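> Residue-level listing of the chains:
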Amino acid sequence: MKHYGISIEEIEPKAPLSRGSTEIFLTGHWSSRKPIYVEKTSPCRQACPIGIDIARAFSAASKGDYDEALRIYRQDNPLPGICGRVCYHPCEMDCNRKDLDEAVNIRGFERFLSDQGHVDTKREAPARSRKEKIAVIGSGPAGLSASYHLARLGYPVTIFEALPEPGGMLRYGIPDYRLPKEVLRREVRYIQRLGVRIKTGVVVGKDISLAGIKRDCQAIFIASGAHGGMRLGIEGEESSGVMEGIRFLRRINLGEKPRIGKSVAVIGGGNTAIDCARTARRTGRKEIRIIYRRSRAEMPALAEDVASVEREGIKIEFLAAPKRLISQKGRLSGIECVRMKLGAPDPSGRPQPVPVKGSEFILPVDTVIAAVGQVPEAEFVSELGLSLNQRGVIEISPETAATPLEGIFAGGDCAGGKAFVADAIAGGKMGALAIFCFLEGKDVRNEFQNHRIGSRSSFSFRHFIDPEKDSVDLKEVVSFEQINTLCFPYSARNHNPDLLAPEESIRTFDEVTGGLARDRMEDEISRCFKCGTCTQCDLCYLLCPDVSITKEGKSGYQVKVDYCKGCSICATTCPRHVIEMGGGR
Amino acid sequence: MRQLLAGNYAVAEAVRLARVQLVAAYPITPQTPIYEKLSEMENEGKLKGIMMRTESEHSAMAACISASLTGVRTFTATASQGIALMHEMLHFASGNRVPVVMVNVNRVLAVPWAFGSDQSDSLSQRDTGWLQFYCEDAQEAFDTVIQAYKIAEQVLLPVMIAIDGFFTSHFIEPVEIPDQATIDAFLPPFGVPTRFDIDHPAYLSNVVSPSQFMQYRQRSFEDMENAKEVIRETDREYRQVVGRGYDMLEAVDTEDAEVVLVTSGAMTSTARVAIQSLREKGYRAGLLKMKAFRPFPTREVQEALKGVPKVAVIDRNISIGKEGIFCQELKAALYPLERRPIITGYIAGLCGADVSPDMIEEMTLGALRKNEPEDLPIWVRRD
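Here the protein sequences come in this chain order: A and B. Start counting at 1 in the first sequence, then tack on 439, and there's your number in the numbering used here. Start counting at 1 in the second sequence, then tack on 545, and there's your number in the numbering used here.
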């Protein structure tokens, strides 16, 4: 048989083969379009009143760096353990993933970071200290947030708190089964470690005068909250057996045992009403009902909290409003209600409840808890000549957090902010920015616009402190259409588990909802698109047909414009819309 | 072992016995049964190689080229629009000197859309630098695939084997399939080394200067010419080991012929009957079957037709603006002869139209009666 087989030396003269480099061909000169890497803003961040860089934190966590993720959270929010439990999570409502399957469990993530991550307060401490003294009145979420940010800017801050422990509504309004006290204490400790002094049991206007504080300090931030209950304004409200919901919760949180009867009606549809009902249930009362004048869809309380109420055997009487309280022998014996129907929308957009004539009915109850709204108790400001509006709210300019008096700022519930924890924290953050600008002679309106996130009401503290280091485009918010969903298989959301069955949960004030286990959390982290944040996934680097994308260390990717032909495969493939095509070289 | 097989299945058997390591293909009528049979064999574990289902014929050929460059034996099959889509990669295959073997099941090219046998698809690829063999029946298709690997891997040029759509591809005929040991004795394992060396990175299909380009083309041209000797030698070996063989062309009763009919592909079988009938009627008719088209067996054609006064060529293809392609090539091959025959070209059987023995007899006699050569082909069809 003839020789069979051929050597590479025999092939080479027959077929072209080059061991030279193609680098002499600057094929990139043919195109006028090049990829540009710009990190953008995620819709969850825009939706968050506090402006937390959620996508970037998820990105850090996806690499296993939970401490870094927590550090990112704490750049804007000093209370992640609290928000991770009780926040109304507007972030999840705007999560891009909801358009694929279900929103990412962002609140569960925040809780996980706070419970599992390590806080290095040394890294959070200010680089320089400033001399201007600042007083904060009230240690609720707004006051704590303002103090934290001011302390990080280097100011000596003192908080005056009327109640025995810091936390405001977090301490005296939210029951233990939703927010264990230890979580609050932990997060307050971190704030104290930054040098913030908290003077508890000091009532401003009584133990210390506001004028005196003003003499000692260069700026004051008032965040005294809204601890007064609103009245029902109906006949019989003076009888015994009627109490304000917010007082009821405070007394429980003080360890007292307020006297309530066997049959309890809670009036209202907000979180306070829900908490009053669940708290009453935990004191052993079986007959508890919530009376709400609109329908389920209009309830201000979170749907998941409404669901827990019902699981715990509490009935909700929808479309009913109290008309009169009935007493027998000086004791409350019943409540006369009238049926409502939904009418035209009111200024807030919710349908107005309209009474149905002749539909009155009487419920036999011996206790009524009124949870129909809260008002500030901020009369102490009149000492300096500040006036309150009709609702008892300190009037501020919403853009500057400033009161008419120079150096005095306010935020949170006492200044008419939205009555959620996250909004109060946002109010404190805004107050800190306003006080810094006041003391440094800057225009707070400009600063806010420069560091504003998207088109909503939050701004980035990280960007404010060092815009050079923070190259994120805060104005461009990534939409669902810009996500390459081919990179994300469908997967179900990981919900936080219930720690206790309903029949167990009503016997104790122990926390009902648990944290996510690590493996479930990891799954949830992988579900997050990380919209606009480069996770260094390498898709662009691997798929570039011209091998024109290089990467060096952690700094990211570089485009060799001399070779990139502008095909835009990288931009089309980028799972999270970090890469865009731009004109010119 | 003798089996009843359609031509497509005979091809698949040859691919299996050749121990092909990579098949990359895309289905297209009338080639699809090859694809299906190889898939079935892969599924049953009979085909040891990998079967790649590509998204197009262009990709199928690109995959065969790439795999071949890494030192493995490759196969693909296609037809009609498929080979047209593959066109660019056919040049890449020959230019990179990869011994890919492909079966093209001749089918007419659109438009109008149709399915019958027609050599225009493979003949359109005449100048892509591939060897081309046209087979008469399923047995020849089987044997030629086996031989093609041995030829391609020595000359380092790709080989295309054409069989007539439906006539050969789908008709069931007795086919002798040798056992694996026999084929192994004839065809050694793939002997071309990988072109890729991780320690000495290089790239292929690179840019060259005009003079380098001409050098490469000239090498390919010379190697295609030298392939003739390799084809002859391979056929001799095949006859020794397997017991059958085919020359680049086959001449039947041409020595004393007053007229010789030239055919290719499946039509040849019909022509054999027609020629025999003419002989019985007293005409000195002969037959020349063209198997190798590239390289073109110029000397062999001259040898077979020198002294023949009249020649009829039937083409199942048409080069619009000239004539049938085999006729055209034949005329060019015979031009150097001192006494050239009078050649009459016929166009018949396009798109698988019937070409019956009596039509062939008429065409042969028509050529015999011609005393002047005609420039244009004669169209023969029964509507």
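Just so you know, these hints were derived from the structure itself, not from any lab. A quick note: this is a predicted structure, and the numbers were derived from the prediction, not measured. Beta carbons are placed, not taken as given, at the ideal position from N, Cα and C, and that holds for glycine. It cannot be assumed that every hint is accurate.
Calculated lysine-lysine pairs in the DSBU-like style (CA-CA distance at most 35 angstroms, straight line) [said to hold, decoys possible]: (1) A:502 to A:881; (2) A:780 to A:768; (3) A:502 to A:570; (4) A:453 to B:593; (5) A:572 to A:780; (6) A:453 to B:915; (7) B:593 to B:826; (8) A:561 to A:780; (9) A:453 to B:876.
Every beta carbon over 10 angstroms from chain A, so not counted as near; a handful from chain B, in silico [to be verified]: (10) 584; (11) 655; (12) 698; (13) 699; (14) 737; (15) 738; (16) 740; (17) 765; (18) 787; (19) 795; (20) 800; (21) 818; (22) 887; (23) 910.
From the structure, some residues in chain A lie toward chain B, with a derived Cβ separation under 10 angstroms [to be verified]: (24) 446; (25) 447; (26) 451; (27) 455; (28) 456; (29) 457; (30) 940.
> Output the indices of the hints that this structure fails to meet, ascending.
1, 3, 5, 6, 7, 8, 12, 13, 14, 15, 16, 17 and 30
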